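Engineer: Each chain, letter by letter, is given below.
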Amino acid sequence: MLLREVEYARPASVRDAVRLLSEHDGARALAGGQTLINVMKSRAASPDVLVDLQDLAELKAIDLAADGTLTVGSMVTYTELVESVEARARPILGDVCATIADVQVRNRGTIGGNVCSNDPTNHLPPLMVALGATMTIVGTDGERDVPAEDFFIGVYMTAAGAGELVTKIVIPAGKGDGFAAVTIGKDGTCIVSAAASLDGGAPRIAIGCVDAVPVRVEVSSTAADAVREAVRAANLDPPGDVHASSGYRRHLAEVLAARAVEQAEQRRN
Amino acid sequence: MTETVAPPQPKVVEPGQPQKGWAGQNVPRKEDKRLVQGEGVFFDDIKRHEMGYVHFVRSPYAHARIKSVDVSKALDVPGVYGTLTGDEVAILTDPFFELSVPPGAHMKDYALAVGKARFAGEPVAAVVASSRELARDASELVEVEYEPLEPLVDARVAQEGDAPILHDEAGSNVVWDGTFDWGDYDAAAAEADHVVKIKELHFDRFSSTPLECSGCLIEYNKGTGQWTMYCNHQMPGVGAIWMAPALRVGLDKLRFVTQDIGGAFGNKICLHPYFVACCLLARKLNRAVQWTEWRTDQHTANAHGNERWFQDIEVPVKADGTMLGFKVRATDDCGAFPRYEPLGCIIWAQVTPGCYRWRNIRVDFTQVTTNKSPVSPNRGYSRMQHLWLTERIIDIVASELGLDPVEVRKRNYVKHDEFPYETPNGCIYDSGDYARCLDIALELIDYPSIEQKRRDAESRGRLLGVGIGSTLDSGTNNFGQSMILNPDLQFSGNNEVATVKLDIFGEIVVTLGTVPQGQGHETTASQVVADILGCSPDDINVRPGHDSYWNSHAGFSGTYASQFAVTGLGAVKGAADMLAGEMKKLASVVLGCSADDIELAEGQARMKANPEAALPFMALGAILNANNAGLPEDLGVTLNCRYVYRPPFEKPDLERKYGNLTLTYATQIHAAVVEVDPDTGVYEIVDYAAVDDCGKRIHPQIVEGQVHGATAQALGAATHETFPYDADGNLLTPNFYDYHVPHALDMPPMKNGFIESESPFTPLGAKGMGEGGGAGIHAICAALQDALRARGKPVVTDSCNPYHRVWALLQEPEASRAGVEVVSR
Amino acid sequence: MEAGTAEVVRSKTVSVTVNGTTYEREVDARRLLIHFLRDDLDLTGSHVGCDTGNCGACSVILDGTLIKSCMMLAVQADGATIETVEGLAEGEELTELQKSFSAHHALQCGYCTPGMLMSATALLRSNAHPTEAEIRKAIQGNICRCTGYVNIVEAIKSVGETS
Ligand SMILES: Cc1cc2nc3c(=O)[nH]c(=O)nc-3n(C[C@H](O)[C@H](O)[C@H](O)COP(=O)(O)OP(=O)(O)OC[C@H]3O[C@@H](n4cnc5c(N)ncnc54)[C@H](O)[C@@H]3O)c2cc1C
Ligand code: FES
Ligand code: FES
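Residue numbers (this note's numbering), protein chains in the order written: chain A, 30 to 298; chain B, 32 to 856; chain C, -9 to 153.
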């Protein structure tokens, strides 16, 4: 509780938000606040200016294109995703979002905030990598698209740099997806998570909580043994902590990757 | 008068049997109306004009010498009212008194760290400012120079020659040590067919983490020199005994006031260091000050439950499965300061043989300090750790000798016709029927179907296991047990107070000495009074909370240690009986008859023979209080009755460490079914039953609520809740992310059963309850061990088993088995 | 589109409508909504049980949505309509849910109760007849340390069954 002093602005346009973010050193976007406010409470980090994105209607749209491509505004909340008819086009999205924390967090937390905070235990970074999503980043220099694989750079660090905003996330069509996690209690924080998608041909697997960023694992077959072997071959060196030793995480990565692929196969058929 | 003669056969009431009167019924709780509207008053809801907010500067080091503290920069901030440092505390106060004999007696404990910090999070200085945020800002400007020292985080090495010493004055990390030796262990070992040896078991640190953290609003009255503390201290009687001498004032200078408290579970007993710091600040600044503890502070620096290591356990067993006792070396880790300790070094002895007829028990008990948060009597205090040992013993022995866990329990349980049962150390188990409770629990989980379910689970790739936890909830302490630890302590027996008065307009007003935190005391007290005065609980006004300025306060007043139904309601009953007698007497004078001719019914005092001749309570109240001319001089009626309930206790025999340590023994027997995913170590509790026997239930719903809550806390402690430290002495679970308590989705469906074996020793036949004995922890450990049996028969050696521990057991069952050995004749 | 430029402020006068009453107060940007409600508006029914957004004791309904008021700044709530536990009952008349909590002994210390009631109220508005599983999911963000949730679930279920 008890945040450091901070300044606050509530822009009405993306453009103004970008201006505010780039004009002020130490400015940060405030999306759902479900990570950022906590960070500020513990005073682990203290932004100087908060740029509240809540009024930016342009960031709240969910669009489904004719080819099944889904475009989700960064300020779309988990609850909105879960309830969205359009988002059912890629069912795994809503299904995973429905297991993040609890109603209150889902009502405020946003897809943009989830990927931008890139907490290694967050659900969405590995999922976005597995689904082959693309983030659109806007800065004073204009707009660029970054594939999820390149978006996550380090713990709490992404390709969206200072002064930049993620405006939307584009997710290609598909349904052969899976997600498996071992969490601390039901709907709890991930100890290890794995997401898989079979729609792009060979399985795309991404594993969370085993490194600073989601780890992609290449495999040509969906057979459980092959998947486990591929994860083993990735020579993961996960961190150990109070919830899991490095070895336990490595083991869970194998099991969960295989389960995610298995689920993806079931959903595809 | 309390009868202490036991009936030959305790009365057992069947479920569903009708009960007479208000006691025994689920009347609506008086507390609820305000609480469901957000109109409860918790300490943090209270404000005072221009009050200051206190923020503590806390040590980042687990062990460090404090070289200097400079508050000048903090004092320069506009809006900062003042500060307090350890040096000031050392001048203005005396160290809190210690309960132990040396070495513990020499440990010095102050409101703020003096000279040295002994755990990460220990308050080193305090800042008061005009807002909460500002107080924290300014606290960051306090400059403390530390010289880090090597921390001690493992109690097992606390006595080794090169271990860092926390309290130089004591010259040792040992608080207290002693041997308890009852029966003849060596003879039992010689007589046994097998001796089962277990190298080491570990009971984890955890705490019940009440949802409301601690705190106070303290006002100092300069004119009278008195402090008023609006707070959530759960044991003001003892709190004042700590605080007053430290502050160098008499007890009457300290007024504790509580209304609603957001749970306490023992975690709000050792608040005196914080409160003394706030008292000093209120006096120094001549301003009301408020301290609100935040969750991270609560986890790092308030109170944990006692962590305990059990080593070199030996259990002599006869061929038929009869166990003759055990011996063990116990090392208790009390964290940086003893505070309520070393009482935990004796409290376990209330349940020395657990539920079993074990007669030969030898315990070498040592308590040490470590650079971790201090402990405090967490729900199930000290007995839970010990009962976990007894249950682990049962299940490990059963598993090693191929005995059935149900049969072996029943063979060793104290039998229902043996009550009152005297344990080898002189405790009297008042009543119960453990085997019945177990049968009910097994029925609730459909025990006969377990083997079928086990096969079903197997077919789904899951390992199913079933486990039992049998526990006693000993209640109403004989504080004389403290003399076993320190013969110089002048504590024995127990007491609690209530007053009941009839006021001018006929109001019946009850004040309690207890400090409720959700146990519904206002409600149950009103039920007891209503039965005695012949009116409805709605007519009874029980003052919410506690105020040590009320005349209902005694040395042991408080809400702790499973005793309200005995001591609290015993006092209420006593006071209500007195008032009833006075009302009859007054009525008899007015109506011109004998007091024996009067009955109290329907809100009136009336003649039994002629109910028309009646005085409403209002008339009695008005006559005595406001219209009393002409009443006989020797009437002796005040209509304001105070009763002190004192349970029948003797001082223990200190030489033999022998005597009755608690008055009542409620039983809880639980059964759990778990399913383990062998690929991940993840498990789920798929079925759960809790059977309770606490004698007469005054308010069955409240009793069931306590069973649910104690079970949830035990399941949390069994699965995720633990306070581990790293090698530097940093707590690894300082918040509710990492310290995962059960949420609604985590709780298994719960089945409940009960019987009522009335206590022959208590005023109402009720027994204290509410703490539970941690049955859920024991049951889950047993169920996990059962589930994993097929995978190399690992032994569950820790009380808390998060997934990673289960996975480790699956990976290396031999590692856990290495500590277990059976020596057979 | 030029939507103007927003100001950067360290404190701000906010206007919020809580339980039907509109309040205007100057508040620091850094102040959490829960502290604003409790300390500035003296609406102490909503509680604080953690400092990490885990416990839900501070839950309120903001513009129709259930949120944790410790996970939001007061300035963010400018212009919002907020419902807290104090606003549930109509005068002396408790809501069915409040009555049911009492009847089922769904509260012991009552500290989690305000937040729990807000979560349950939000649930029943969107789903009048929830199943046990739906109820547990809906109160997952509210920690209770006293009751083990057994009677809370029963209390909510019974309102759903009788409505
Ligand atoms: C009790 C609790 C439990 C949780 N459990 C989980 C869990 O199990 N799994 C999980 O995935 N998450 C969990 N979360 C985190 C939650 O999902 C957060 O909502 C999420 O991590 C951040 O999203 P937000 O919208 O709240 O972002 P904020 O907290 O507002 O922002 C997070 C970071 O992202 C930046 N940011 C936000 N939006 C943008 C943008 N559009 N462009 C550029 N930068 C931006 C911010 O500046 C900030 O640095 C939990 C949170 C809580 C309180
Ligand atoms: S106080 Fe808001 S979630 Fe705990
Ligand atoms: S009733 Fe005490 S926390 Fe829920």
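A couple of the hints might just be wrong.
[To be verified] Only some residues are given here: those of chain B computed to face chain C with a beta carbon under 10 Å:
hint, residue
1, P59
2, G110
3, G113
4, P241
5, H774
Honestly, the hints are just simulated from the structure, not real lab data.
What you are looking at is a predicted structure, and each value in this text was computed from that prediction instead of being measured.
Glycine included, each C-beta is placed from N, C-alpha and C at the ideal position.
Engineer: Going back to the hint list, which numbers does this structure go against?
Structural biologist: Failing hints, ascending: 2 and 3.
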